[in-house]
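Participant: For the sequence shown, counting from 1, position 63 maps to 62 in numbering that gives the first Met the number 0; every step adds exactly one.
Note that these hints are calculated values from the structure, not bench results. Wrong hints could be hidden among the right ones.
Claimed, not checked - In silico DSSO-like links for lysine-lysine, alpha-carbon gap of 27 Å or less: (1) 52 / 35; (2) 63 / 53; (3) 63 / 52.
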Amino acid sequence: MREPATLTVASGKTYELPPGRWMAEHVFEEKEAELKAAQESTVRLTAERDSYKKSAEQWQPGWKFAVSALVAGIAIGVYASTR
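Please build the complete structure, drawing on both the sequences and the hints.
Facilitator: Okay, here's the thing in structure tokens:
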């Protein structure tokens, strides 16, 4: 932190935090890398989910399609059994 900050916790207690580092530099860099990876992953997964939702919404077979497929299946079965 570069400037002093105030931290208020759920219990209502307030803490004054002076400027400075609260982690070792190498620990901070590791955590920063983990955070960036998690953010990139979240963005990528959100985009994939939205893409899948959009593609799924485009094609929705209705009852006519289901009935047509059933009738075609029965017709093929009857034809095949008479041969």
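Participant: It remains to establish, for every hint, whether it holds in the given structure.
Facilitator: Now the hints, each set against the structure:
no. : hint    : verdict
1   : 52 / 35 : holds, 26 Å
2   : 63 / 53 : holds, 23 Å
3   : 63 / 52 : holds, 23 Å
Checked against the numbered hints given earlier, this structure breaks none of them.
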